[in-house]
Amino acid sequence: MKKVLSILFVLTLAILLAGCKGDKEISGSGMIQDVNVRRAISMAIDKAYYTDTILANESYPADYYIPYNFYGGIGDNGEGVDFRVRAEQVFGDFLPFTKYDMPAGSAESQSPSGYNHYNIEEAKQLWEDSRKRFGIEKDETVVFKMLVHNTASWTSLYDHVKAEIEKNLTGTKIKIISVTFGEKLDKAPTGDFDILFSGWGPDYMDPITYLDLFVTGNGHNNIHYSNPEYDYLINQAKIGAFQGQERLDAYVRAEKILLQDDVALLPIFQSNSVGLRRTQLQNFYTQSVGPDYILKWVSWDTTDDAWAAKEADLKAARIDGDETVLKLLETSKIPDMASFTTTDQVSFYNLAQINEGLMVAGNPQSNEQYLPGMAESYTVSEDGKVYTFTLREDQPWVKSDGTQYNNEVVTAEDFVFAWRKLADPRVASEYSYLLETIGVKGWEIAYEDVTDMTDAEIDTELAKLGVEATGEFELTVTLNTAADYFLGMMSFPSFYPVNEAFYTSLGEDYGKTLTPENLLYNGAYYLSNWDNNGHTLQKSDLYWDKDTVSIDKVIYELVESAEPEVQVQMYLDGDIDSVILRTGALVETYGARSDVRTTGSTTAWYLEFNINNH
Amino acid sequence: MLRYVWNRILMIFVTLFLILTINFLLLYLMPGSPFQNPRLTPSQRERIEDKYGLNDPVLVQYGRYMYKVSKLDFGGTIATNTYDDIFEEYIIDRLPLTAKIGGIALIIGTVIGITFGALAAIRRNSWLDNSVTVLGVIGVSIPSFVFAAILQEVFAINLDWLPLFYREANPDIGHSLKDQNLGMIMPIIALSVLPIASIMRYMRTELVEVFSSDYILLAQAKGLSKPAVIFKHAIRNALIPVITIIGPMAINLIAGSLVIERFFNIPGLSNSLVTFTLAKETYATLAINFFYSFMYVTVILIVDILYGVIDPRIRLASNSKLGLIGKLIKSIKRKFQSDNAGGEVNE
Chain P
1 MKKVLSILFV
11 LTLAILLAGC
21 KGDKEISGSG
31 MIQDVNVRRA
41 ISMAIDKAYY
51 TDTILANESY
61 PADYYIPYNF
71 YGGIGDNGEG
81 VDFRVRAEQV
91 FGDFLPFTKY
101 DMPAGSAESQ
111 SPSGYNHYNI
121 EEAKQLWEDS
131 RKRFGIEKDE
141 TVVFKMLVHN
151 TASWTSLYDH
161 VKAEIEKNLT
171 GTKIKIISVT
181 FGEKLDKAPT
191 GDFDILFSGW
201 GPDYMDPITY
211 LDLFVTGNGH
221 NNIHYSNPEY
231 DYLINQAKIG
241 AFQGQERLDA
251 YVRAEKILLQ
261 DDVALLPIFQ
271 SNSVGLRRTQ
281 LQNFYTQSVG
291 PDYILKWVSW
301 DTTDDAWAAK
311 EADLKAARID
321 GDETVLKLLE
331 TSKIPDMASF
341 TTTDQVSFYN
351 LAQINEGLMV
361 AGNPQSNEQY
371 LPGMAESYTV
381 SEDGKVYTFT
391 LREDQPWVKS
401 DGTQYNNEVV
411 TAEDFVFAWR
421 KLADPRVASE
431 YSYLLETIGV
441 KGWEIAYEDV
451 TDMTDAEIDT
461 ELAKLGVEAT
471 GEFELTVTLN
481 TAADYFLGMM
491 SFPSFYPVNE
501 AFYTSLGEDY
511 GKTLTPENLL
521 YNGAYYLSNW
531 DNNGHTLQKS
541 DLYWDKDTVS
551 IDKVIYELVE
561 SAEPEVQVQM
571 YLDGDIDSVI
581 LRTGALVETY
591 GARSDVRTTG
601 STTAWYLEFN
611 INNH
Chain B
615 MLRYVWNRIL
625 MIFVTLFLIL
635 TINFLLLYLM
645 PGSPFQNPRL
655 TPSQRERIED
665 KYGLNDPVLV
675 QYGRYMYKVS
685 KLDFGGTIAT
695 NTYDDIFEEY
705 IIDRLPLTAK
715 IGGIALIIGT
725 VIGITFGALA
735 AIRRNSWLDN
745 SVTVLGVIGV
755 SIPSFVFAAI
765 LQEVFAINLD
775 WLPLFYREAN
785 PDIGHSLKDQ
795 NLGMIMPIIA
805 LSVLPIASIM
815 RYMRTELVEV
825 FSSDYILLAQ
835 AKGLSKPAVI
845 FKHAIRNALI
855 PVITIIGPMA
865 INLIAGSLVI
875 ERFFNIPGLS
885 NSLVTFTLAK
895 ETYATLAINF
905 FYSFMYVTVI
915 LIVDILYGVI
925 DPRIRLASNS
935 KLGLIGKLIK
945 SIKRKFQSDN
955 AGGEVNE
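Top line first, the protein sequences correspond to chains P and B.
First residue of the first sequence? That's 1 in the numbering used here, and the numbers climb one at a time after it.
First residue of the second sequence? That's 615 in the numbering used here, and the numbers climb one at a time after it.
These aren't lab readings, by the way, just hints derived from the structure by calculation.
This structure is a prediction, so every number in the text was calculated from the model and none was measured.
Mixed in with the good hints there might be a few duds.
Derived CB-CB ranges, DEER-like [what the hints assert, rightly or not]:
{"#": "1", "chain 1": "B", "residue 1": "726", "chain 2": "P", "residue 2": "53", "range": "21 to 29 Å"}
{"#": "2", "chain 1": "B", "residue 1": "652", "chain 2": "P", "residue 2": "583", "range": "19 to 27 Å"}
{"#": "3", "chain 1": "P", "residue 1": "444", "chain 2": "B", "residue 2": "673", "range": "25 to 33 Å"}
According to the in silico footprint, chain P covers these stretches of chain B (three or more CB under 8 Å from chain P) [unchecked claim]:
{"#": "4", "segment": "648-656"}
{"#": "5", "segment": "661-673"}
{"#": "6", "segment": "772-781"}
{"#": "7", "segment": "901-909"}
No residue lacks a Cβ here, since even glycine has one placed at the ideal position from N, Cα and C.
Using the sequences provided together with the hints, build the complete structure.
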């Protein structure tokens, strides 16, 4: 028996060794540092096949980093300009004549193409030249490690990228290293990859929100990309050295350096989604940054023409006498409504309806990116570092029964209190990093080691934070550096006001799950109901701009982790008024309906090349 | 007997302590962080982890956790303040619905399973027996979510008799109490398939064995009527082993209804265990794990005590010179035996 086993063992070993021979694998981590290798890989991937055939949800293939439909800045004529439109004006030479076909029915029939457009011949040529330069033998295979996170919906993308590169660039192999999302966050900074899959959505309405990532030394710069000219352009733009058209062009140049000159990124696509939505719903548009929708702007078309005869029941249910109702689906419970500790999209989204910051994200159809919210007006110091906001004096704090709380109105102190909570090291809010992003003076306190300090000492330190009530209705914010995207960030929920007296009466229970009475409201809506089945937003009669608000009641039904097919069924049954078609099969089945809507998103999905992190 | 019970309870503490320790270490070794916001830079993430003591040595973290547990504080969620006390706000809140649906499924499973299992054994090799065997194999081998999908397709979408999923009664959204009750029908049916199938097969095997035993022959020889033989002698004896598997099965129904809860949108307990684990919410995961383990060992304790009451030989064994570890191994062995009884039956 032993003899047989040992013979088998030797045989297996021999077969294994024979299999390896003639198929030498070498690491690609050296080659990836070469710009032409990166360009070859970039040009070898058919992105349109992924977006149109595999994904089939009207996402755009992208040869660009800053997404299409993203506000770039102020142009020559003094009006807002789409970043991509300007990029094409400036660097049209680098952009191929062929454009991607865009989904029928969209405003433009073709999408802008961009840097390193799909081109197999050129990719092959660049790759063969590079192989020669690096002295790679014919029988050698270059292995690139691609670090990705193992979310099921992405695997088709990983497979496509792998197949395209291996097919078009002979003698390559993509080794997919698939880990959990959390593990990827741990692994990426160590540089143990050649190619890294990433995505980024904007925090604020300025191209810097994307471009800042690849400045030398930025914490998100996992590939240790460094280019002095790039750094100069971004850092100067950040402190306001360029203004207007000059600033916009600086960004356009920076993007060209990143993608065309240095090929640090391989953009794949800009995600869109296809959904069904009642045709009578007006102004239900996605915001490019921050919370998905601002319900304040949404309304029903109440005219008889808008509603077909067979929709009579639905109309009666939605427009019931004087009250208009909107029904929507929530697929996960709101985790935390305390504005200064919360971290997730669902909470931010709901906070944006029930509370209001200094600014409000504008109606997407209007030209204004931001409109004054709690701040009636503001002034900026000459160096751009000190902002003084004048608050409106008539916005009451509202309780969950719709009445005013203790005759109190929103004051500057409420902002100071909330911002200090955000920065408080004892609170240890995950989103305190935003204070660093906008550069509020004294943000460092958020991360200070305060174990040896008394509460009084910590409070003294917190008082040094650059936010101050200079009057009952006057708020002064001091920044380390001038940054004009600061204003836009003021519509983000982490910066909303909190009533100190009310908070103190509740302590830790403030904003807790399922307790609408543990919150105070100063926005267009308040939470009138919140339980395990969902929640209801009721229009606030005490809201300063209540005349703009059209929908009286927004009912969210909670169906945790509802399957995509179930969600669509709910829409068809008239339970909800808007639904996203989450699978290609659903898009195929329902894509031709008259109530189909494409929702744009400004999230960019791309691969990063490990240029210098070894 | 008292000493026997006391020993078993002591063992439960040891078992639970080991479960907590091993789970804690496993979760500690799991990569990632509860702070999974991709917008945090690595240094920001590290600073915030420091704040929560997540970068302390494992022994320090473990000691801190066990000290809290000793005061019956199982902690809450780390990255959000959704739950301060996972036991009070999450488990106690969600258990009733899970238990209700699982309980009804178990009762249905037991009644139908025992009835048809017994009928199959009595009419051995008839068409009834054959169909029970076939249905039993199907029920055991097809996962419950397949049944759930078929039920949804047929009764909710095609026939439109039942609601697509469970919704709590809520006049605000327009769901009546009737909708709520109708919504429970499909999950209960889907859940009861496995208990029906396994109890049916178990009951049939036991009864067939009992029928071939000497005392049944004797009863028949005494001239007892057929019903008297079946009800007084056969079924009663066959039931004892069947009842012992129902305890662990109840726990399995509560702990293992994850897929069904997801399918039918039941805001129950098992729905979020996976979510918590993926989010690396260590304390929440540990608390739910601990709760399941606690229920499991409690049921085993009750079964063990019942064994002790029924069978004096088991009581005697507990007085033997086995050490604590030996006893533990023995109890684990026994647990596995009772597990197997629930799943597989040798015919």
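A quick look at each hint next to the structure:
1. B/726 to P/53: 21 to 29 Å: violated (49 Å)
2. B/652 to P/583: 19 to 27 Å: holds (24 Å)
3. P/444 to B/673: 25 to 33 Å: holds (31 Å)
4. 648-656: holds (count 8)
5. 661-673: Check passed, 5 qualifying residues.
6. 772-781: holds (count 3)
7. 901-909: The restraint on the segment 901-909 of chain B is violated, since only 0 of its residues have a Cβ under 8 Å from chain P and three are required.
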